[in-house]
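Asker: The primary structure of each chain is shown beneath.
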Amino acid sequence: MSEPVIRVENLRKSYGTVAALRGVSFEVQAGEVFGLLGPNGAGKTSTIEILEGLRTPDAGVASVAGLDPQTAGLEFKQEVGAVLQSTSLPDKLRVSEALALFTGFYRRRADPELLLRRFQLEEKRNAFYSQLSGGQKQRLALALALVNNPTVLFLDEPTAGLDPQVRREIYDIIEELKQEKKTILLTTHYIEEAERLCDRVAIVDSGQIIAQGTPRELKHRSAGTTRIEVRLAKQVSDGILNSLEGVSDSREFEGVYVLHSTRPPQAIVALVKLLEAESNELQSLEMFSPSLEDVFLELTGRRLRE
Amino acid sequence: MKNTWSLTKIRILLALRNKTFMFFGLIMPLGFLFFFVLIFGHGRTGWIAYILGAVLTITVMGSFWGLSVQLVMFREQGILRRFRLAPVGAGALLASSIFANYVLILPAVAAEIIICREAFHMVSWGNLWAVFALVSVGAGTFSAFGLIVASVTNTMQETQVINNLLWSAFLFLSGATVPLAVFPVWIQKVALFSPATYLAMGLEASTTGYIGGHELLEELIALAVGLVVAFEVSRQLFRWEPEAKVPGKAKLWVIAALVPFLLFGAYESSFGNQLLRIQKHFQMLDRQTSSERAR
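Protein sequence lines correspond, in order, to chains A and B. Going by the working numbering, the residue at position 142 of the first sequence is 142; the numbering climbs one at a time, nothing skipped. Going by the working numbering, the residue at position 223 of the second sequence is 223; the numbering climbs one at a time, nothing skipped.
Isolated chain A, as found in the complex (with noise of 0.2 Å):
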């Protein structure tokens, strides 16, 4: 296997008395989409700004094409390109204007032209940034990122607080670019987005990488068990659920109870007599193949929405 891209080891960060990184680990081989999947606060954007070159780690070792960004300075950010979780540009600024802006200040450069039509701002060219929508905002956010034509790219969040068609358009930028063989580690806690996008996932949980693999290898994990998730009018007594025929596991979160089952009918005609016994109602039911939610769940006993 060539030399990895990207190269996090034993990667620790604390803000005061709270470690948000505690120690880890992986690598992005070249032309990799590498997901970090994980809910808020798991470590995700320490784990990334420190791949930027925004943070410094308390400990551990980093490195991007071949260069640290920490001490590797300007000539590193030549190299690399992100769209951040939090940024803005000056409201009173035009479109146009800062990709022209960004671009050069770039040796390597993409032509500005060309990225408003990818990002399909071109009727937005002379809009100011406080007039574009989140969608927009984020679409030149990312051929920002793209100005300088980068070896590796680092999307936090790519999608978040993006209406779900915005969204479907920025998977489908992401996966052009994974066509070109960018390099990209992204962020994300939607598993939509992990599981469509990502060659590779590393679950991350409190600082920690608590699993990592391709989705497939990853949903073998649960490979066999079907979730189902039934909302109920009268709540169950704990463990009862557990119970039931075919049901490997139960737990509740917020009124909702996810159930994990190798038989399915089987499961469901027992909870179905259940309910009658206990004069109980049946509000919805959901079926669901195994997905990475249920491999955090496993792993965490929490769901990634928490």
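Just so you know, the hints here were simulated from the structure itself, not pulled from any lab data. Glycine included, each C-beta is placed from N, C-alpha and C at the ideal position. Check before you lean on any hint, since a few could be wrong.
Unchecked claim - With a Cα cut of at most 30 Å, we get these calculated DSSO-like pairs of lysine-lysine:
#1 A/Lys124 / B/Lys9
#2 B/Lys19 / A/Lys137
#3 A/Lys137 / A/Lys182
#4 B/Lys19 / A/Lys92
#5 B/Lys2 / A/Lys92
#6 B/Lys9 / A/Lys137
#7 A/Lys124 / B/Lys2
#8 A/Lys137 / B/Lys245
Stated by the list, open to error - Derived Cβ-Cβ restraints for the label pairs, each shown as a range:
#9 A/Gly161 / B/Thr20: 20 to 30 Å
#10 A/Arg117 / B/Ile162: 40 to 50 Å
#11 A/Arg108 / B/Ile187: 56 to 66 Å
#12 B/Met1 / A/Arg108: 15 to 25 Å
To be verified - Sample of chain B residues lacking proximity to chain A, with all beta carbon distances greater than 12 Å (derived):
#13 Phe24
#14 Phe32
#15 Phe36
#16 Leu38
#17 Trp125
#18 Ala169
#19 Trp186
#20 Lys189
#21 Leu220
#22 Leu258
#23 Gln279
#24 Lys280
Given chain A, put chain B in place with the hints provided.
Answerer: Positioned in the frame of chain A, the structure of chain B alone reads:
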């Protein structure tokens, strides 16, 4: 240098699109001019040049206010973070703020001079080269002070408080509003430690044309040294991130920015003749006014 130039152009463009800048950068300085002329210069053309010097001082000093507020706002909104990702150093970003600010005050400076000469019948143009030199160096110095304020304050509220305190001190202890010559000697001596005093003394002497450019060397040197030191201090203290707090030790750098003026102040109050010069000019203006009234 290329990055500094690109950023300078954008900063100028952004300011020109900002109504607040148009008010504080152009309308307010001219408002000060009309107000001062109406109150102090009415019927006393001899005083117009002196008032122009004072108003130019206020215009130039205003640099620090606008820049500090803008930089803190950019930091709070996460705009600086975006620039931090690009291969742009803090030096280029800060220098562009100073250059842009300098360019942006020139229209107000030019308008004030022309209005005084053409509309208020200022006796002469004064020493325009000296005015240009002092405005140029002074704008840089006070912009750099603004950048320091932005670096040591964490929120917009803090920035406003510090700005108000500094602004009041600069305004009232420099001769920019009340002529320094009317203050008790001990206040005049305290004023010699303020950078604003060097700007006000220099500009007032230049607009009245009482002295040649070479006699302003001390003011120019004081402001130039102040500019270099303050720029370096602001570079050292600069923070891209809103959550990055200034370490207590780093705040000592702020003292470094004041050192040149402490030294100039100590020298001037012990061996200098600036205060005598101010007194002499003030008396000359007074005599001129008396003779105008007698006519």
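Asker: So which of the earlier hints does this model not fit?
Answerer: none
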